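Residue numbers (my numbering), protein chains in the order written: chain Z, 1344 to 1639; chain Y, 93 to 907; chain F, 91 to 249.
Keep in mind that the hints were calculated from the coordinates and are not lab data.
Listed next, the in silico DSSO-like pairs over lysine-lysine satisfying Cα-Cα at most 27 Å (straight line):
# : chain 1 : residue 1 : chain 2 : residue 2
1 : F       : K169      : Y       : K114
2 : Z       : K1443     : F       : K208
3 : F       : K172      : Y       : K114
Small disclaimer: the values here were computed from a predicted structure and weren't measured.
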Amino acid sequence: MQTPAPVDYVRATSVADALSLLQQHGDEARLLAGGHSLLPMMKLRLARPEILVDINDLDELRGIRVDGNEIVIGAMVTHAEILNSPILFEHYPIFREAEKVIADPIVRNKGTMGGSMCQADPAEDLSAVGAALRGTVVIQNAEGRRTVPMREFHEGPYETKVADGEILVEVRYPILPGSGSAYEKVERRSGDWAVCAAGACVTISGGVFSSVGIGIGAVNAEHFTATGAEAFLVGKEPTAENIATAAQMAADSCDPSADQRGPADYKKHLAMELTKRALTRAAAAAVAVHLTKNGA
Amino acid sequence: MTAVQEVPISAGGNPIGFGSMKRVEDQRFVRGQGNYVDDVNLPGMLHSAILRSPWAHARIKSIDTSAAEALPGVIAVLTGKALEGIPRPSLLGDNFAWMPTLSYDTQAVLATDKVRFQGQEVAFVIAESRYIAKDAVELIDVDYEPLEPVMDAKRAMDPGAPVIRDDKGQTDNSITDVHGHKTWESGNAISTAEAIARAEADPNCVVVTQEVMYPRVHPAPMETCGSVAHMDKVTGQLTLYTTSQAPHAHRTVYAMVAGLPEQKIRVISPDIGGGFGNKVGVYPGYVLSILGTIVTGKPVKWIEDRGENLMSTSFARDYHMTGKIAATKDGKILAVDVDVLADHGAFNGVAQPTNYPAGFFHIFSGSYDYPDAHCKVTPVYTNKAPGGVAYACSFRITEAVYVIERLVDCLAAELGMDPAELRLKNLLKPEQFPYTSPTGWVYDSGQYEKTMRVAMEIAGYDELRREQAEKRARGEYMGIGISFFTEGVGAGPRKDMDILGLGMADGIELRVHPTGKAVLRLSVMSQGQGHETTYAQIVAHELGIPPEDIDVVNGDTDQTPFGLGTYGSRSMPVSGAAAAIVSRKVKERARIVAAAALECSPDDLEWELGRWSVKGDKERGKTIQEIALLSHSSLELPEGVEGHLDATAVYNPPNLTYPYGAYICVVDVDPGTGVVKVRRFIAVDDCGTRVNPMLVDGQVHGGIADGIGMALMELIAFDTDGNNLGGSFMDYLLPTSMECPSFELGETVTPSPHHPIGAKGVGESATVGSPAAVVNAVMDALAPFGVRHADMPLTPSNVWRAIQGNPIRVDMAIE
Amino acid sequence: MEISMKINGAEVTHDVEPRTLLVHFVRENAGLRGTHWGCDTSNCGACVLWVDGTPIKSCTMLAASAAGHDITTVEGLEKDGKLDPIQQGFIECHGLQCGFCTPGMLMTGRWILDNNPKPSEEEIREGISGQLCRCTGYKNIVDSIHWAAAHPAENEVSA
Ligand SMILES: Cc1cc2nc3c(=O)[nH]c(=O)nc-3n(C[C@H](O)[C@H](O)[C@H](O)COP(=O)(O)OP(=O)(O)OC[C@H]3O[C@@H](n4cnc5c(N)ncnc54)[C@H](O)[C@@H]3O)c2cc1C
Ligand code: FES
Ligand code: FES
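Chain Z with its partners taken away, still in its complex shape (with noise of 0.2 Å):
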């Protein structure tokens, strides 16, 4: 098996400590959450950090929350921890649905939405998820937090608003009363990462959509989402004619690249497809939850 570079390792023991280590170390230090996607690339030595900080001790990172109308989710919170919130279905099944579809039971035993969310890979299934909910990232450090809009997070592959000597803490979602939301993927084999996923949250009013969150990953889309679609569709009814238009401009948005996954064609394809079948399913969830609370 192949095996990680020298390294050295220490176990933080606050969120303080954790900042203390990092800016003792500055850019050597690598934060060590799950190790799902950090492991594995010292193993292929594509990562060499000279020390890791664990953070796995830090219980002020876990547990899921509902604080006023946000509900939080902590960075050490893992993906099975997600798959199995009973808040988190009750507000916002896509969470269930995209992480029943994100890995494998084993990894999310491990994996963590902060290192997820840091690790930026491109095809991440919760930055879409985020991007669709219009979540806020909470950062910290020595300073204190500080916020940033999940739609300004990612700075590019595998680069976001966190910087050296800084630690997400935790995501915070707006909760949306009567929303739907659905989560759609296309994988080559279970367990692996997206070819193409698109994920919608919307909220019906008055018979038209008055608001729409679309996600989409590993196809390039600016911010994991597709404004010009989610404008088109708000004040328009949800009719199979104004979600596939929506679905075309979000896919015409995006800018695939081809690799062992897919062609190009085939990946904006899938973008339009599946943000069709996203929007259509949380149009769905989004209508029943209306009718169900006018009718009691």
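Given the coordinates of chain Z, work out where chains Y and F with the ligands should sit on it, guided by the hints.
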């Protein structure tokens, strides 16, 4: 549905003979007590790692190993130059930098002049730990001059194509076999061409031509290859623990390569974590671990990474095939012609009988009755890893079955005929056996139509077709695919089958201890097939000794007689026969001892399971256990009879055995995404007598999963620069539990007439037979889009592109 | 660095490099070779063992991170000389061939049943989907886990 007769049950609860029986070997495996090569740890053992080429084709200008050598914990660094300096006292070249392949070509152990594929071995580091060895590999500095690589077999013979094997003085990329041939043909070229021409001219006939590619795939057993070599300096004894499907053949090859006396070499294959053909070849890594122990005087362990396994050890397939099938318009097949371009990689390292440079590909005429068939195979060198016969292919019968089964489906589409009906119309009839095929095979036995009908019944074929029609009307795309295959396995008759001159017969040895317990020593080697269980059952069936009283030893050349190993489904047809025959020898010896004890003539005795008794006086008899003790006692035996029951045998098969089967696959295709879901898979195998039906089913299950993998996802592709795009399990995709349905199995039993217990072998049947069923099903689903063929793997993108009328060239990088 | 952890109930301490992977610590330092490995990219699951009762891929965790935690490996399944029903299930249903994936499958199978004593076929397939088996085609593994579900107290079955 088991066709096994009732047999007595032993005190241990096992059948004394054939029948489903829990495996003996499981006791250690479920406790984590298996002993695989990486579990072997010898005192003072060193570790190693190989530096591999990042280039597909490049000249080596210089190698600087000084930084690696200076790393603390590094013991030695070997390069090709260093190996050139070690003289080799053998017939096979004068130094260690090159070694022979199993096809009489040469392969670099460590590259000297050029690297010829990405992942080729360039330097070997021996160090105190595996971590240090890996660190040191990174410190080796190689100056390469990149050369244009030949990645497309179709361009390999272009004038002006870069020449890969300039080391052999070649001027092009053709491959010449040991008989001096550059192409290899079988069947009757003239009569086949004439039959096709007649059909083309006849308005009542059709000729369908289809190009199909069987892309490069990899056996990828869960355990990678590796070895631990230990040379005892004092005794000169070399012990090699290794992942080998053929320990005896490997021993002989090492004796030839290293010039070591063969009696001083002991090859031990401990538990093997799957083979599938990957562990038949002799790899540079094994040889390097041997050189490592010779150089350092300490045991040296070499274990591949997964990337090394996928990129350098034997690939499989890579056959570009163009088939022509001629038939009458009412569906009677007349002739088939197949032209093949075979990509053999940078060294001709295929493992196959010498007289069969394209393996058993020429069994492609299949399970059908028609007079004219012909094939021509042209192998070429490319800048890819060597290998070629691996991944449970039964010596390229996988490719043969795939091409004929695809052609039959294309013909059915052309004729507008149901593919089941077309097959039923052409299948060989029971009374035609033994049947001599147009390419010279003699199929031993079969009831093809019966087997086909069993499969159709389990599938509910007519109901499926009705469902399909309804779904099509609704715009839903389900497909039903059939594959009917015949294999020739159990290589093979020594008169025309050998590998590197070693005839393909198997030795065996059976000892019966005084207390009636027995030890059977096999030349073949289990990689999970369950030899320790099934071979005990064969002896039990013959001698009536309970299987729990019989230990089966395999995998250690010092403890077992010579034989060619386990691959190509050959264990049961060859060593299974040997086990029966050696048991019968013991039975005959027991008869003489019993006669002496009962004071009668051996001719007066009759056998019932486990006991010789006097004809007409059943009470007077001796059990095999009693006889075993008597054979060691002071009982006076007739003149010339030595006592003891132990016996040995060598089985030289008179013919191959011909297992066959009918497979039906049902898929659902999502045309919006191209995603294929295998909904059902029905497999009806006829492998003759089933020694342990539970294990037979297990073999079939694994093979179906392989077929789903190859049909839908497995692929070693390259980009035009020569980069291997399938070098990890992230990109070389194996099917998981989610892609495999719950397989539905059936059986028919048509024993082989010439095999002592009628068994035919089944290890590779499903791997050979299932890919075509899956592909045929997907093509059937896509028929409304006018799609007749798309190459494997039918990934979502490939399926979607096929629907758009623009399928992907799967073996080359996606544009 | 010196690392201590509990493996199958026994405290194990070794001085190893910080980069040592848990799978190597368990196999080479603790000498428990039932846990295997089969890839470099965390895809195969041959290395699955439990950390604090949860299955993880031990090739993708540093031994240093496991320090102070409770590790259970396949060698820890057998209790008082009696096989766990999951082990017996694999024997009964021919859930293994070469045995290489088996330790990981057993650990995940046991975990599935601990959380869901009566899993459906779909739940079992989903549960083992991160672990590759090249031999069995998974059907008999699914059946083996079902067998164990149906025989929860089955520990005196004939060996
Ligand atoms: C086989 C396999 C399949 C996978 N399939 C998918 C998939 O289909 N979809 C998908 O989305 N993902 C997939 N993943 C990735 C998985 O989701 C990982 O969990 C994730 O990428 C990284 O999370 P981690 O906690 O393991 O992070 P780590 O590997 O520990 O860290 C990743 C990076 O983020 C940094 N980091 C971690 N936490 C923080 C923090 N709080 N603040 C700042 N920086 C931090 C680290 O320093 C490191 O650079 C797969 C992984 C594997 C191994
Ligand atoms: S070794 Fe493959 S997942 Fe751990
Ligand atoms: S039994 Fe061989 S890999 Fe699963």
